[in-house]
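K.L.:
Each chain, letter by letter, is given below.
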Amino acid sequence: QQQVKQSPQSLIVQKGGISIINCAYENTAFDYFPWYQQFPGKGPALLIAIRPDVSEKKEGRFTISFNKSAKQFSLHIMDSQPGDSATYFCAASLSGGYNKLIFGAGTRLAVHP
Amino acid sequence: KAGVTQTPRYLIKTRGQQVTLSCSPISGHRSVSWYQQTPGQGLQFLFEYFSETQRNKGNFPGRFSGRQFSNSRSEMNVSTLELGDSALYLCASTRGLADEQYFGPGTRLTVT
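Chains A and S are the protein sequences, given in the same order.
The first sequence begins at 1 in my numbering and counts up one residue at a time.
The second sequence begins at 1001 in my numbering and counts up one residue at a time.
Rather than coming from a laboratory, the hints here were simulated on the basis of the structure.
Errors might be hidden in some of the hints.
For lysine-lysine, the following DSS-like pairs were computed, each having C-alpha atoms within a straight-line distance of at most 27 Å [stated by the list, open to error]:
hint: 1; chain 1: A; residue 1: Lys100; chain 2: A; residue 2: Lys57
hint: 2; chain 1: A; residue 1: Lys71; chain 2: S; residue 2: Lys1013
hint: 3; chain 1: A; residue 1: Lys15; chain 2: A; residue 2: Lys68
hint: 4; chain 1: A; residue 1: Lys100; chain 2: A; residue 2: Lys42
hint: 5; chain 1: A; residue 1: Lys57; chain 2: S; residue 2: Lys1013
hint: 6; chain 1: S; residue 1: Lys1057; chain 2: A; residue 2: Lys42
hint: 7; chain 1: A; residue 1: Lys5; chain 2: S; residue 2: Lys1013
hint: 8; chain 1: A; residue 1: Lys42; chain 2: S; residue 2: Lys1013
Predicted model, so just to flag it, every value in this text is computed and none were measured.
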């Protein structure tokens, strides 16, 4: 019940294309869903986050879509660029003021020029 | 504003030894969380400290411990190191409760 399942494991996209990464969860007590981007040798960097009271959030080329009934959320990267090549992690945390993040396994994205 | 800093960045230790890692959060942030990242297990939560108190703990053995000081800086300690403790240890700071977490660059620990 504490798991967050992320897919695909790896993704290859052409420059200018749309990258889509999906995550699913079981625990309905989760109420905060961030996405992180990690480059080799670096710590994860917060990209965008959403709470269950909205179905979509957009920041620049990055959009989170959230489906509460299906317990799924996804990250869309529009106009993907080679500089977006990194590992992306979805995560979730419980309501009640806890800062414990449960992470998905990660998706390695490669954007080819 | 300076980000989360972690020291040292790299460490090599021998099995059976102990190690202490340090984390300085973003100025004004009061919560510090620690995570272990390995290729096999991914990112796993170790523990969280807020106002010098441990608020939350992950499923790790008692060899893993931590503390937080009055200036919000935090340390984690691993005693009796095992080969499986080789990992990237990440610290994340948060302004308060249930806020955005910002990660440091991590400490790469290698146990031989």
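K.L.:
Determine which of the earlier numbered hints do not hold for this structure and return their numbers in increasing order.
P.N.:
The structure breaks hints 2, 3, 5 and 7; every other hint is satisfied.
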